[in-house]
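The primary structure of each chain is shown beneath.
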Amino acid sequence: MFFVVPVVLVVVASFGSKIEGSAGRVTYSNLSLDNYREALEGGFDGTFVKVLLQGMRTTILGTLLCLVIAFPLAYLLATRVKRGKGFVLALLAIPFFTNFLIRTLAWRIVLAPKGFISNTLLDWGLLDGRLDVLDSRLGVQIGVVYNYLPLMIFPLFVALDRLEITHREASKDLFANRLRTFLQITLPLSASGIIAGTMLVFVPLAGDYVTANVLGGTKGNMPGNLVATQFLQSQNPSLGAAIAVILILSILAVAAIGAIVVKVVRQVARVDHRAGAALLTTLLLLIGAFVLKPSVSSLVFSFLALALVAGTFWLVANTPERVGDSLLRAWSVVVLVFLYLPIAFVVAHSFNDNKALEVWAGFSTRWYGEMWDNSLLIDSVKSSLSAAVVAALISVVLGTFAGVALARRPGKWTVAFMAILLLVLTTPEIVEATGMQIQFVSFGGILREGLVPLWIGQAIFSIAVVTLIVRARMQGMDDSLEQAANDLYATPVQAFRQITLPLIAPAVLAGGLLAFTFALDNVIISDFVRAPGTNTFPTYVLGQVKTVRKPDIAAMATLLLGVTLLSLVLAAVVLRRSGEDSSKVAATLTGGS
Amino acid sequence: MTTREPIRILADRATAQRLLGAMNRRQLLAAIGGSAALAAFLAACGDDSSSDPEGPAGGGDNSFKLFTWAEYDDPDLLASFGNIEITIFNSNEEAIQKLVAAGGNNGFDVICPTGTYIPQLAAEGLLEELDLTRIPNFKNLDAAYVDQIWDPGNKYSVCKNWGSTGWIYDKTVVKREINSWSDFIDVAMNEAKGKTSILDTAPNLCGMYFWANGVDWNTTDEAELGACEEFLVNEFASSIKAFDSYPGINLTQGNYALSMVWNGDARQGLLSVEEAGGNPDDYVWGLGAPETELWMDTWCILKDAANQDAAYNFLDFILDVSNSATDVEFHGYNTGIQAAKDKLPADTKYFDMIYFSQDEVSRMRAGSLDNQERVVEIYNNCKAAAGA
Numbered sequence: 237m238f239f240v241v242p243v244v245l246v247v248v249a250s251f252g253s254k255i256e257g258s259a260g261r262v263t264y265s266n267l268s269l270d271n272y273r274e275a276l277e278g279g280f281d282g283t284f285v286k287v288l289l290q291g292m293r294t295t296i297l298g299t300l301l302c303l304v305i306a307f308p309l310a311y312l313l314a315t316r317v318k319r320g321k322g323f324v325l326a327l328l329a330i331p332f333f334t335n336f337l338i339r340t341l342a343w344r345i346v347l348a349p350k351g352f353i354s355n356t357l358l359d360w361g362l363l364d365g366r367l368d369v370l371d372s373r374l375g376v377q378i379g380v381v382y383n384y385l386p387l388m389i390f391p392l393f394v395a396l397d398r399l400e401i402t403h404r405e406a407s408k409d410l411f412a413n414r415l416r417t418f419l420q421i422t423l424p425l426s427a428s429g430i431i432a433g434t435m436l437v438f439v440p441l442a443g444d445y446v447t448a449n450v451l452g453g454t455k456g457n458m459p460g461n462l463v464a465t466q467f468l469q470s471q472n473p474s475l476g477a478a479i480a481v482i483l484i485l486s487i488l489a490v491a492a493i494g495a496i497v498v499k500v501v502r503q504v505a506r507v508d509h510r511a512g513a514a515l516l517t518t519l520l521l522l523i524g525a526f527v528l529k530p531s532v533s534s535l536v537f538s539f540l541a542l543a544l545v546a547g548t549f550w551l552v553a554n555t556p557e558r559v560g561d562s563l564l565r566a567w568s569v570v571v572l573v574f575l576y577l578p579i580a581f582v583v584a585h586s587f588n589d590n591k592a593l594e595v596w597a598g599f600s601t602r603w604y605g606e607m608w609d610n611s612l613l614i615d616s617v618k619s620s621l622s623a624a625v626v627a628a629l630i631s632v633v634l635g636t637f638a639g640v641a642l643a644r645r646p647g648k649w650t651v652a653f654m655a656i657l658l659l660v661l662t663t664p665e666i667v668e669a670t671g672m673q674i675q676f677v678s679f680g681g682i683l684r685e686g687l688v689p690l691w692i693g694q695a696i697f698s699i700a701v702v703t704l705i706v707r708a709r710m711q712g713m714d715d716s717l718e719q720a721a722n723d724l725y726a727t728p729v730q731a732f733r734q735i736t737l738p739l740i741a742p743a744v745l746a747g748g749l750l751a752f753t754f755a756l757d758n759v760i761i762s763d764f765v766r767a768p769g770t771n772t773f774p775t776y777v778l779g780q781v782k783t784v785r786k787p788d789i790a791a792m793a794t795l796l797l798g799v800t801l802l803s804l805v806l807a808a809v810v811l812r813r814s815g816e817d818s819s820k821v822a823a824t825l826t827g828g829s
Numbered sequence: 002m003t004t005r006e007p008i009r010i011l012a013d014r015a016t017a018q019r020l021l022g023a024m025n026r027r028q029l030l031a032a033i034g035g036s037a038a039l040a041a042f043l044a045a046c047g048d049d050s051s052s053d054p055e056g057p058a059g060g061g062d063n064s065f066k067l068f069t070w071a072e073y074d075d076p077d078l079l080a081s082f083g084n085i086e087i088t089i090f091n092s093n094e095e096a097i098q099k100l101v102a103a104g105g106n107n108g109f110d111v112i113c114p115t116g117t118y119i120p121q122l123a124a125e126g127l128l129e130e131l132d133l134t135r136i137p138n139f140k141n142l143d144a145a146y147v148d149q150i151w152d153p154g155n156k157y158s159v160c161k162n163w164g165s166t167g168w169i170y171d172k173t174v175v176k177r178e179i180n181s182w183s184d185f186i187d188v189a190m191n192e193a194k195g196k197t198s199i200l201d202t203a204p205n206l207c208g209m210y211f212w213a214n215g216v217d218w219n220t221t222d223e224a225e226l227g228a229c230e231e232f233l234v235n236e237f238a239s240s241i242k243a244f245d246s247y248p249g250i251n252l253t254q255g256n257y258a259l260s261m262v263w264n265g266d267a268r269q270g271l272l273s274v275e276e277a278g279g280n281p282d283d284y285v286w287g288l289g290a291p292e293t294e295l296w297m298d299t300w301c302i303l304k305d306a307a308n309q310d311a312a313y314n315f316l317d318f319i320l321d322v323s324n325s326a327t328d329v330e331f332h333g334y335n336t337g338i339q340a341a342k343d344k345l346p347a348d349t350k351y352f353d354m355i356y357f358s359q360d361e362v363s364r365m366r367a368g369s370l371d372n373q374e375r376v377v378e379i380y381n382n383c384k385a386a387a388g389a
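Here the protein sequences come in this chain order: A and B. Everything in the first sequence is counted per this note's numbering, starting at 237 for the first residue and increasing by one. Everything in the second sequence is counted per this note's numbering, starting at 2 for the first residue and increasing by one.
The following block holds chain B by itself, in its conformation from the complex (with noise of 0.2 Å):
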C-alpha cells in the first residue's frame, strides 16, 4: 500500500484536473498557513490576564467579576486593585433581565445599579445584606448620600457616585436663555424643532413634562399620567430627533441644537471640543429647573458571590478619598465623598459641572419604580409617534 499508483479517474478534463490538484494537498497547506497567520495574530495579542496563574479565585486574593457600565471606572485604578473581569450591561433593566434569567449571581459578584432598582433586585433575591463593619471607608461618604429612601440604611448599597440631568444647546442657533424645563419644552418645539434629542430612558422623557408642570415626576395618578401621554405623543414627539442618552459628542457635531443631558456627559462633549481646538463657549450647559432628577448609581454584592471577600475588599478600596478622587477624575460625577473634592488636580475643567451648589441640590429628586410600566408604555407610544 505504500508504493503510490497513477490515479486513472474517469471524468471529464476539467474536473479531473481538479481532483487531483486537490489530491496533492496544496489546498491544505494553503488552509494551515490561513490559519497560521491568524495563530500568529492571536498570538501576538498576548495572552497575560485570562489565564492568570496566581492564587485560587475566591480564596483571600483580589479577583472577582463586575457588572457594571462602560467607561465607567479608571482602569488603572482598577487594575491597582486586583484582577477584575469586567462585564458590561447597557441599562439597569438588561442587567437585571440576564440576572434574573440566569435565577442567581449569574456568576457575578458586584454589580452598578441605579438605586432605584435596588428594590428590585432585592425583592428578587439578588443581593446580599451587606455588613458595613467589613467597609471601614463607608464612614467617608456624605451623610446626603447615605440611607437613600430606596435603600434605607445602606442594607444592600453604597453610593457609587451620582449625577442629574439638564440641558445643553448650541447657542449658535438657540439665541434665548433655557431656564427650565417649560423653556427647554419651548425651545424644542420652535426654533430646535426636530433638532432636539432626549435621553433613551422613559422615565425622563416623561420626567421632562411632569418637572415642567410641578407634578411629581413618581406619580400613579392616572390623570397625571395620561396627561403627560396625551402631550407627549400628540404634540411633543415631532419635535424629536433622536433618542440619545450619551448626546454630548453628537451635540457639538451639530447633529443636535438641544440636548436633554447628564451632566457628566455635557461635560464630555465640552472638553472633547475643547480638546479639538473648537469653542466651547458656543454651548451652553443648565441644570434642570425648578426641579429635577437626582440619580445615583450604586455598588452592591451578589447574593451568594463567589468572591464575597475580594468584593468586599473593592468596596472599602473603592471608598478611600484618594482613590475616589482618582475615579471622579476619570467620569466626572460626584462620587459622594466631599473629602475627594479637595484631591482634585487645581485644573479640573466645569468643576460645577461635577459639584453642585447646594441650591442646585436642593432643586433634585430621586426617582421610583412605582409608575414604571406605564412610562415604558407612554415612552413606546412616544417613539412610535416620534418615527411616524
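So that you can see chain A by itself, here it is in the shape it has in the complex (with noise of 0.2 Å):
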C-alpha cells in the first residue's frame, strides 16, 4: 500500500485544480485535462518542454559518460587484478557511502575560482584565467557523473568478472585481433551489465535535481525542478503533479525505446555483425546529434572524454599487452583520483578555522569539539542513525520474504509486483516525497510521530532494492537443496531458515548495507514525512546549502565517513568468512547474482 498509494495520489491531483487565491489547496469538484494542457502549452517553446528536452540531455550524456569512464575501468579490474579485488571494489565504493550533498558541495570547494586548485594552477601557469566551471553545463556534467558513476562500475564489473577467460583465450587462438576479441566476444557477453548500469544511472539521474542545481546556477534546471517549483513555490500541487507524470511517462518511454534499440541491434548483430556495428554507430551519432544541439562551448569536455576514450580502446587494441595494460591502469588511476579528490576536500575543510566552510583560513581541530554543541546539528544525526537503522531492518525484512517469494512462488502476481517495484524506482523522489506527506498526514496518528514516518518514507525505496537483490540471487541458484529439505519432511519455517537463509545471507546483507546507506542519504522524502522538530543530517544539510555553511557539517560527514567504514570492514569480513571470494561480494553488493 505504502508503494501505490502516493503515486495514486498524485496521478489523482494532476487532474484536480487549485483552489483560487488558497495556499495551494486542490479541489476535485470538475476534473479535466487543464493542467496538463498548461504544462505542454507552447509545445517545443514552451517552458517545461525546453527544460525537460535539456533534462534528458543531461541525464543521457551524463549516463554514457560514466558508461565509457567507468567500462576501462572495470574490464581492468575483472579480467587483469588477481588479487586484492575487494580492496579496490571497496576504494571504489567508499565515496559513494559519504552524504550525497556534502560530496556535492565538496565540488564547489575543489573548483572554486579562487580555490586551492585554482591557484594552484594558476601559480604553475597552467591555466590562463581562473578556473570557469562551476555553474555551467560542463559543472553540470561533472556532478552527476561524479554522483552516479559507482552505480555504473558495479554492474559492469559483475557483467565481465563472469566472463570466462577461455571464450577470449579462444578467440585469439582463432588468429582473432584484441580489438575483434573485443567487439565479437567481451562487448556482447557484458551486454547484461551495461543494462543493468545504464538503467541505474539513467533512472534516478533523470529524476535528480538537486546535484545539477548544487552545481550547475541556470544551467541546472532539471524537469525535477520545475516539480519542486510549482509544489513549493507557486503553491500550484496540481500543476506540479501534472509535471511529474510527464516526467515518469518520459523516463518509462525513454527506458522503453532504449530496451527495444538494444534487442534489436543484437537481433542484426546475431546475422551480420557489421551490420549490428553499423546500426549501432548510426544510432549513437543520433543520440549524439540530439545531446550537443545546445551550445557547443561547454560540452567540450564530453567530446574531450569520448575521444580519450575511444583513443584508449583504439591504443589498447593496437598496442602490445603490456603498454595497453599499462594506460587502463592509468586510466584507472585518474579515476580514482577524481572520485577521491572532492572527498579529500571535505576532510581537509573539516579542519578549517573559518565560519565560512568553503573559505580557507587555516588549520584548526575547533570544529570537532564545537559540533558537539550544536544540538541541531547531533541531534539530526542521531535521528538519522536510528531512523536509518530501523528502515533498514524493515527493508531487509520485507525485501527479503519478496525477494523470496518473487523467485519460488512465480505467478500473474510477480509481474503486477515487478510493475509496482519498476514505478517505485522510476518515480521521482520529489513526487513520491508529496504523495506520501498527503498520506501521512491524512492518515495522521503514529504516522506523524517522532521518527515512524521516517521509517517508512526511507524504507520505501531500499526495498524495491533488497527484494530486487534477493530475487536476484535466488534466480542464480536452482530449488535442490529446499525441495531436498521438503523430501527430508523440514517443515517451510526449517527449510527457510536452515537451507534458503543461510544461502542468501551474503544478497540479505548486501541489500541491508545499502538499505542503511540509502536511508541516511535520503534527503527529499525525509523532508517532507518527517515529524515536526525532527530534522535528519540530509535535511539539516540541506537547510545549510542554502545559507553561510560551517565546517561543522564537513567534520561530522568525516566522522560519519569514518563509521561507514568501519562497517564497510566489518560486512566484508562477515562475507568472507562465509566463503564468498571478493568478486562474489561485489557481485551481492550490487545485486548481481
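Think of the hints as simulated: they come from the structure by calculation, not from any bench. As the structure is a computational prediction, the values presented were derived from the model and not from experiment. Yeah, the Cβ is synthetic: ideal placement off N, Cα and C, and Gly gets one too. There could be a bad hint or two in this list.
[Unchecked claim] Computed spacing ranges between beta-carbons, pair by pair:
#1 B/V285 x A/T518: 23 to 31 Å
#2 B/D148 x A/D364: 53 to 61 Å
#3 B/D353 x A/F280: 46 to 54 Å
#4 A/L724 x B/G104: 52 to 60 Å
Got two chains here, each in a separate frame; can you build the complex from them with the hints?
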C-alpha cells in the first residue's frame, strides 16, 4: 500500500485544480486535463518542454559518460587484477557512502575560481584565467557523472567478472585481433552489465535535480526542479503533479525505446555483426546529435572525454598487451583520483579555522569540539542513524520475503509486483515525497509521531532494492536444496531458516547495507514526511546549503565516513568468512547474482 | 534433541561448506559486532536533549517547537530560554505548504514567516490572534516596524528582523560604480555577463526590473508585467550565471563578479573574507536605488499551539533589548529595536550594513502577494531561458 498510494494520489491530484487564492489547496470538483494542457503549452517553445528536453540531454550524456569512463576500469579490474579485487572495489565504493549533498557541495570547494586548485594551476602557469567550471553545463556534467559513476562501475564489473577467460583465449587462438575479440566476445557477453548499469544510472539521474542545482547555476535547471517549484513556490500542486506524471512517462518511454533498440541491434548483430555495428554507430550518432544540440562550447569536455576513451580503446587494441595494460591502469588511477578529490577536500576543510566552510583560513580542530555543542546538528545525526537502522531492518525483512517469493512462487502476481517495484524506482523522489506527505497527514496518528514517518519513508525505496537483490540471488541458484529439505520432512519454516536463509545471506546483508546507506542519505522524502521537530542529517545539510555553511557539517561527515568505513570493513569480513570470494561480494553488493 | 548429529548435506562441495560455515553462527556474531559498533557510536553522540525528563511539555515550562530558517538565531540565546525544538524550512511557500498539507499547525508552536505571507497564512486559518498584553516587551519595537500594511495592528505577528536588497560586486572585474538598479542591469549585461547571480526568489527577479524602471513592484498591470517578462526572458536571462539566495560566499570565492544580495548575507561574505586574511576592499556593497525592497521576517504563534504559554514567553524574551542585541550580533540584521543598537560591541564590523540611514530607509518598499502567480510564471520562464 505504501508503494502505490503516493503515486495514485499524485496522479489524482494532476486532474484537480488549485483553489484560487488559497495556499495550494486542491479541489476535485471539476476534474480536467487542464494541468496537462498548461504544462505542454507552447509545444517545443514552452518552458516545460524545453526544460524536459534539456534535462533528458543532460541525463543521456551523463549516462553515456558514466559508461565510457567506467568500462575500462571495470574491464581492468575484472580481467587483469588477480588479488585484492575486494580492496579495489571497496575503494570505489567509499565515495559513494559519503553524504550525497556534502560530496556535491565539495565540488564547489574543489572548483572554486579562487580555490586551492585554481590558484595552484595559475601559479604553475597552466591556466590563463581562473577556473570557470562551476555554474555551467560542464559543472552539471561533472556533478552527475561523479554522483552516479559507482552505480555504473559495479554492474559492469559483475558482468565482466563472470566472463570466462577461455572465451577470450579461444578467440585469440582463432587469430582474432584484440579489437575483434573485444567487439565480438567481450562486449556482447557483458551486455547484461551494460544494460543494468545504464538503467541504474539513467532512472534516478532523470529525476534528480539537487546535483544539477547545486553545481549548475542556471544551467542546472532539471525537470524535477519544475515539479518542486510548483509544489513549493507557485503553490500549485496539481500542476506540479501533472508535470511529474509527464516526467515519469518520459523516463519510462526513453527506457522502453532504449530496450527496443538494444533488442533490435542484438538481433541484427546475431545475423551479421557488421550490420549490427553499423546500426549501433548510426544510433549513437543520432543520440549524439540530440544531446549536442544546445550550445557546444561547454560540451567540449564531453567530446574530449569521448575522444580520450575512444583513443584508449584504440591504443589498447593496437598496442602490445603490456602497453595497453599500463594505459588501462593509468586510466583507473585517473578515475580514482576523480572519485576521491572532493572527499579529500571535505576532510581537509573540516579542519578549517573559519566560520565559512569554503573559505580556507588555516588549520584548526575546533569544529570537532564545537560540533557537539550544536544540538540541532547532533540531534539530526542521532535521528538519522536510528531512523536508518530501523528503515534498513524493515527493508531487509520485507525485501527478503518479497524477493524469495518472487523467485520461488512465480505467477501472474509477479508481473504486477515487478511493475510496482519499477514504478517505485522510476518515480522522481519529489513526487513520492509529496504523495507520501498527503498520505501520512491524512492517516495521521502514529504516522506523524517521532521517527515513524522516517522509518516508512526511507524504507520504501530500499525495500525495492533489497527485493531485487535477493530475487537476483535466488534466481542464480537452483532449488534442489530446498526440495531436498522438503523431502526430508523439514517444515517450510525450518527449510527457510536452515537452507534458504544461509544461502541468500550475502544478498540479505549486502541489501541491508545498501538500504542503510540509502536511508542515511535520503533527503527529499525525509524532508517532506518528517514529524515536526525532527531533522535528519541530510535535511539539516539541505538547510545549510542555502545559507552560510559552517565546517562542522564537514567534521561530522568526516566522522560518519569513518563509521561507514568501519561497517564496510565489518561487512566485508562477514562475507569473506562465509566463504565468498571478493568478486562475489561485489556481485551481491550490487545486485548481480 | 539436545545432542547434535553431524550434518550431512547433499550438495556440491563449495555450497556445502558455505552452508556449514553459516550454521556455526559466525556470521551472526560478526553482524552483531557491526551493530554494536554502531550502537557505541550512537551512545557516544550522547543522549541528553531529545529525552528531556524535566517537566511535561505544554505546561508553564519553556519548551516549544519552532519552525524557522537555518542559522537564523543565536543557539546559545535560544538555549538560555529553554528547550526549543527547531525544524528548518527553506522558503515561505515550503513552510506554508507543510502547514496546509497537515491541515493545521503540524505540531509547531511558533513560525517565522516573511511579513508578506501573513495575509495568506491568516486566511488559511493557521495563525493565532496575538494578545499583545502578554508581550510587554512589544513596546521596545520602533514605531516604524509595527503596524505594517500586511498586518495592521500587529494582529498576528511581531517583527523578528528586517532587511533589504542591494548588490555586491568584485571591483577587480567591475571597474565602474553601480549606483542604481539600471546600472546593475547594464553591468550584468556587459562586463559581468554570465558572471551575475540573482536572488532565487521570483519577486526579487522581477523587482529588479520594476525598481530600475520606476514601476511599483507590486503592480498587477498586465502591460507592465508583460514588458517585464519580455525583457527578462528575451534580453536579460542569458546574462545570469546562477539563481542564488546566499551569494556572499560564492562571490568571494570568485564564482560571481556581481550579485543581487540581501544585506546580511553580503556582510557575512565580507566577514568571511576578512577571517581568511583576504582583502574585503575588493568587494563593494551597495543598497538598491532609486527604490528597493523592504522585507520583514516575523514571529507568529500558530493556531491551537500546544505550548502557547511558552510561545508567548519566548516572544517577550526575544523582544528584550539585550537579548535582541545578542541576536543581531549573530545574524547581522536590524531587529526593529533601536535601543539594541547601543548594546552592540563597539568593534562590530560593517555597522552601516545592519543599521541604515533615514535616507536609505526611505527608498525601501514592502512587497505583497498580489501578483505572485504571474511573477512566479515569469521567473520560471526566465529560468528556462537562462538554462537553454
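Here is how each hint holds up against the structure:
Under the hint 23 to 31 Å, the C-beta atoms of B/V285 and A/T518, about 55 Å apart, miss the expected range. Distance hint check: the CB atoms of B/D148 and A/D364 are about 57 Å apart, consistent with the given range 53 to 61 Å. The hinted window of 46 to 54 Å between B/D353 and A/F280 holds, with their beta carbons roughly 50 Å apart. As the Cβ distance of A/L724 to B/G104 is approximately 58 Å, the hint placing it in 52 to 60 Å holds.
When held up to the earlier numbered hints, the structure conflicts with hint 1 and nothing else.
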